[in-house]
Amino acid sequence: MQFKEVGNKIQVLSYRGYDKDKKRSIVKMIGSIDKYNFSMTDTLKNNMTEEEVLELQSYIEKLERERQKEADSLTIIYAHNTINRIAALIQKADDFELSKAATDEIWNSIDNLSKSLKKAGFSKPQKPKKLKVIASEKQAGLDLSD
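Numbers 344 to 489, taken from the working numbering, label the letters of the sequence shown in order.
Careful: at least some of the hints might be erroneous.
[Said to hold, decoys possible] In silico BS3-like cross-links for lysine-lysine, where the CA-CA straight-line distance does not exceed 25 Å:
id	residue 1	residue 2
1	412	443
2	378	405
3	388	405
4	443	458
The set of hints was computed from the structure by calculation and includes no laboratory data.
Note that the coordinates shown come from a computational prediction; the quantities given were computed from them, not determined experimentally.
Whenever a hint applies, use it, and build me the whole structure from the sequences.
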């Protein structure tokens with residue numbers, strides 16, 4: 344079977360034999376599924392053999408796994424945006440109050456995230472050391488041009 348994305352649908356194409364007169368294979372579109380929710384109509388199921396139904400279900404499962412993996416990756420990649428937004432909202436905490444239970448859950452989640460990062464082999468980045476700048480009034484007024 345072959346699957347071809349066309350617009351908001353995925354066409355389901357099936358090999359139906361070989362035409363000796365035209366010297367080419369016969370590929371018939373037996374139906375389509377929705378590109379986003381993968382719903383399969385009864386007509387499509389009725390036009391397919393059991394093997395083809397299993398192959399289509401396998402294809403759908405593969406697409407769902409790929410979509411979930413992409414969604415998980417995006418969640419991780421953009422997590423810092425959400426965390427920074429939460430921090431900014433808490434700093435402005437004039438408009439709302441957090442319960443003790445909510446703050447406990449946040450702290451537990453932060454601990455869990457830290458442990459997960461360490462377990463995955465990611466070390467905490469070191470903050471750059473601040474350099475001590477000693478400037479006297481005499482140095483401040485020096486002309487540095489040649």
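Against the structure, the hints come out as follows:
no.	hint	result
1	412 / 443	34 Å, violated
2	378 / 405	13 Å, holds
3	388 / 405	19 Å, holds
4	443 / 458	22 Å, holds
When the structure is compared with the earlier hints, a violation turns up for hint 1 alone.
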